[in-house]
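K.L.:
Using the sequences and the hints, build the whole thing.
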Amino acid sequence: MKPITILPLLVLMTACQSNLTGNEGNLVFSYTADDAVGDFNKPIGVGASLEIQVTTVASRLPVNLSAVTSSDNEVLEITGNSTNRFVVHGLSPGTSLIEVEADSVDGTLTDSVNLLAAAPDVVKLYHSCELPATRTGLYQTGTNILIPFDLEKTNGQPVIGYGLHPVEITPAENGVLDASSLDQANLHIQLGATAGEMKLSSAIDSGSLNLTLVSAGSIDGASFNPLSTDGTDVVVFEGETRFVHVFPTVADQRICQANVTMTAESKTPELCKVSAVPNLEETTAVNESLWVKIEAVAFGTCVFGVTFPEGAQGAGAEADLQVSVAKKP
0 MKPITILPLL
10 VLMTACQSNL
20 TGNEGNLVFS
30 YTADDAVGDF
40 NKPIGVGASL
50 EIQVTTVASR
60 LPVNLSAVTS
70 SDNEVLEITG
80 NSTNRFVVHG
90 LSPGTSLIEV
100 EADSVDGTLT
110 DSVNLLAAAP
120 DVVKLYHSCE
130 LPATRTGLYQ
140 TGTNILIPFD
150 LEKTNGQPVI
160 GYGLHPVEIT
170 PAENGVLDAS
180 SLDQANLHIQ
190 LGATAGEMKL
200 SSAIDSGSLN
210 LTLVSAGSID
220 GASFNPLSTD
230 GTDVVVFEGE
240 TRFVHVFPTV
250 ADQRICQANV
260 TMTAESKTPE
270 LCKVSAVPNL
280 EETTAVNESL
290 WVKIEAVAFG
300 TCVFGVTFPE
310 GAQGAGAEAD
320 LQVSVAKKP
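First residue of the sequence shown: 0, per numbering that gives the first Met the number 0; consecutive thereafter.
Hints in this document: simulated from the structure, not taken from any laboratory. For clarity, every value in this text was computed on a predicted model and none was experimentally measured. Beta carbons are placed, not taken as given, at the ideal position from N, Cα and C, and that holds for glycine. One or more hints might be untrue.
Pairwise CB distance ranges (calculated) [said to hold, decoys possible]:
| no. | residue 1 | residue 2 | range |
| --- | --- | --- | --- |
| 1 | 299 | 152 | 35 to 43 Å |
| 2 | 82 | 327 | 45 to 53 Å |
| 3 | 202 | 328 | 52 to 60 Å |
| 4 | 195 | 35 | 19 to 27 Å |
| 5 | 276 | 172 | 32 to 40 Å |
| 6 | 277 | 56 | 43 to 51 Å |
| 7 | 60 | 36 | 17 to 25 Å |
| 8 | 179 | 207 | 18 to 26 Å |
P.N.:
The following block contains the structure:
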């Protein structure tokens, strides 16, 4: 089987776990985290929920929870539990002792964990395909997009949990926020059908993000996503295969998370075979599906064309891209 190269890409959908052994040393409490993974006791946002998993210390086997209680239900309340998981919801700033009783392979065990709740002071918003400092990004009308975001205290401490989205969209008709999303790392937004400017603003501080909405018919070119090429010239060794991500462009500005049909064809078939590969499963890139598979055949410059049938107002937008086929060292 030929080697396949896939480089670090875009914003990643991480599934890291923050863990902490309980106060009695019997059980381990853990939850999915996307920032400050090593710090378990980050505050849960007021208005946010967090699902916490419980396992035994020795074997890390799941337990069967028989009781979960909060010492201060005005700060943190237990809103549900099943088998080895419970959900805690933030109601007001403060601390609460969460106590559990569980059946395990070692018999009935009890333990507790101290949790915090706090209201966030800062909302940080990002574009998935631009540098963090870039405040404007291009997006395709009528698509579902993900906007990476973080909630923090003024000192930079992360505020965690899902279901808390203190943001506003203007004009309101240009986008609808999915308030039911359990994603802690991204805002899920359905964009409207009208091209134009849109602003995503924090409801609790001065943070904001500008989006320019364009139709698929406005596409007039393409470029490599530099995050899938290490920001350098693309090189593929003879006999090997590489995947690169392609952005459709409008006036040389790339569209983030575009959802259009793309075809690819090698113009130097003696040097490389090329095909479009939508929804590449081997990657963890956020909401990006326009991939090109390059199979290097012989030394030289591999030239290929990509076409977006919806581009150029339906006439089809085309662009030529190239990679280097190198001899193996």
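K.L.:
Look at each hint and say if it fits the structure.
P.N.:
These are the hints, each one checked on the structure:
Distance hint check for residue 299 and residue 152: the Cβ-Cβ separation is about 55 Å, which falls outside the suggested range of 35 to 43 Å. Remark: the range hint 45 to 53 Å for residue 82 to residue 327 is upheld by a beta-carbon distance near 51 Å. As the Cβ distance of residue 202 to residue 328 is approximately 54 Å, the hint placing it in 52 to 60 Å holds. The hinted window of 19 to 27 Å between residue 195 and residue 35 is violated, with their beta carbons roughly 37 Å apart.
Against the hinted window of 32 to 40 Å, the Cβ-Cβ separation of residue 276 and residue 172 comes to about 35 Å, which satisfies the hint. Between residue 277 and residue 56 the CB atoms are about 45 Å apart, so this pair conforms to the stated range of 43 to 51 Å. At roughly 22 Å, the beta-carbon separation of residue 60 and residue 36 lies within the given 17 to 25 Å, and the hint holds. Taking the beta carbon of each, residue 179 and residue 207 are about 24 Å apart, inside 18 to 26 Å as hinted.
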